[in-house]
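Participant: Here is how the chains run, residue by residue.
Number of protein chains: 2
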Amino acid sequence: MKRSEVQNAQQRALKFLEKAGIVLNKRERSNIEVADFGLNDLENIGLELVVYENNDRYCAKELILFPGQTCPEHRHPPLSADNPGKMETFRCRWGKAYLYVEGVPTAAPKARVADTYKEYLTVWHEIPLNPGDQYTISADTLHWFQAGPEGAIVSEFSSTSDDTSDIFTDPRIKRIPEIEENEER
Amino acid sequence: MKRSEVQNAQQRALKFLEKAGIVLNKRERSNIEVADFGLNDLENIGLELVVYENNDRYCAKELILFPGQTCPEHRHPPLSADNPGKMETFRCRWGKAYLYVEGVPTAAPKARVADTYKEYLTVWHEIPLNPGDQYTISADTLHWFQAGPEGAIVSEFSSTSDDTSDIFTDPRIKRIPEIEENEER
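Protein sequences, first through last, are from chains W and B. Numbering of the first sequence is given in this note's numbering, commencing with residue 48 and proceeding in unit increments. Numbering of the second sequence is given in this note's numbering, commencing with residue 48 and proceeding in unit increments.
Chain W on its own, in the form it takes in the complex (with noise of 0.2 Å):
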């Protein structure tokens, strides 16, 4: 991603917050994270994150979702004998977002996603995720989410949070973010 990219979701991720209602204080508003997963097609497969607090015993975020962007197929695997993965709840704060997770795959998703991305998303138990309702992923399991035409708000509550240990099943895939600084190149 180019550095004005990033700027960019940057501000429209604080204009979604906005309309959640949702403050963040200085320091928050200028770091907003934005994670394009490697793909260079942030519109359609992104996130956008503020992380509160990660310590050793737990991790609470506000993910910002954009209209139709999907957080990719991934899951958070064991990481030592005391630490089964990260468990993470997720909480609809504002917009809508379909959450979808290993399970009965639903007849008719509402998820629309291009082929290029379909092969690597394999579970198919979707949970719709409005305002008020939330879903608790177990360590270790598959999921991924995407919102609805309005963007969403969407609170996680977890276990540590250790993104760099995470496993996509796109092995395109890069979580951490590489920021070209300088764009005359």
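A couple of the hints might just be wrong.
Identical chains blur together in the list; that is why a pair holds if it fits in one copy or across any two.
[Unchecked claim] Simulated crosslink set (DSS-like; lysine-lysine; CA at most 30 Å straight-line):
1. K73 to K157
2. K143 to K66
3. K165 to K221
4. K62 to K143
5. K143 to K49
6. K73 to K221
7. K73 to K143
8. K49 to K165
9. K73 to K62
10. K143 to K221
11. K143 to K157
In case anyone wonders, no lab produced these hints; they're calculated from the structure.
For chain W, the structure is supplied; the task is to place chain B on it using the hints.
Facilitator: Showing chain B alone in chain W's frame:
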């Protein structure tokens, strides 16, 4: 507390949540927890809670405080060799709260407290919490908090919650409320 007092407090808490733009689902709306800490003086000493999730790894709640309402001083003690006690992050979402923790006492603290409670408030290091501000409290650390004149909504992110083990400074306090089912008595 009388059942009617609990119901009134629940309705009032819902109005504060609405003002803050926080949406609850139907089950949550009818299950708002009202804690008077056994002191039967809810206006001054009390707390309203919505528990979103509490599992063996993490917990997330919304705390609602009426104007000037105080959550009395307590700590979360160690529970086992593996559990040093509950660690928690308070994030102000709406209104204003004053959090008091161990440390250098603040010269002119903003909280107003009746004499009957004052002797059981022993820590006076003030952390003002405006919307977007947050503060993380280590396990086994004394703390208490009071809402400003508008009230406050505070998100709590934490390790697993076990209210029954909380240790309050005021020996009169009972954390688990006693509700009189029959108001005729």
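Participant: Now look at each hint and say whether the structure bears it out.
Facilitator: The hints, checked one at a time:
In this homomeric assembly, K73 and K157 come within 30 Å of each other (Cα to Cα) only across copies, at 24 Å, whereas the closest approach inside a single copy is 36 Å. Within a single copy, K143 and K66 get their C-alpha atoms as close as 13 Å, and across copies as close as 21 Å, so both meet the 30 Å cut-off. Proximity of K165 and K221 under a CA criterion of 30 Å is satisfied intra-copy only: 17 Å inside one chain copy versus 55 Å between copies. Taking the shortest Cα distances, K62 and K143 sit within 30 Å of each other both inside one copy (16 Å) and across copies (23 Å).
For the homomeric pair K143 and K49, the shortest alpha-carbon distance inside one copy (28 Å) is at most 30 Å, but the shortest distance between copies (39 Å) is not. Within a single copy, K73 and K221 get their C-alpha atoms as close as 28 Å, which meets the 30 Å cut-off; across copies the closest is 39 Å, which misses it. Taking the closest pair of Cα atoms, K73 and K143 come within 30 Å of each other both inside a single copy (27 Å) and across two copies (17 Å). In this assembly of identical chains, K49 and K165 lie within 30 Å of each other by CA distance solely inside one copy; the values are 26 Å within and 57 Å between copies.
Taking identical chains as interchangeable, the C-alpha atoms of K73 and K62 lie at most 30 Å apart whether they share a chain (15 Å) or sit on different chains (28 Å). When the C-alpha separation of K143 and K221 is checked against a cutoff of 30 Å, the pair qualifies only within one copy, where the shortest distance is 26 Å, while the shortest distance between copies is 40 Å. With identical chains, the CA atoms of K143 and K157 are at most 30 Å apart within one copy only, with a shortest distance of 11 Å there and 40 Å across copies.
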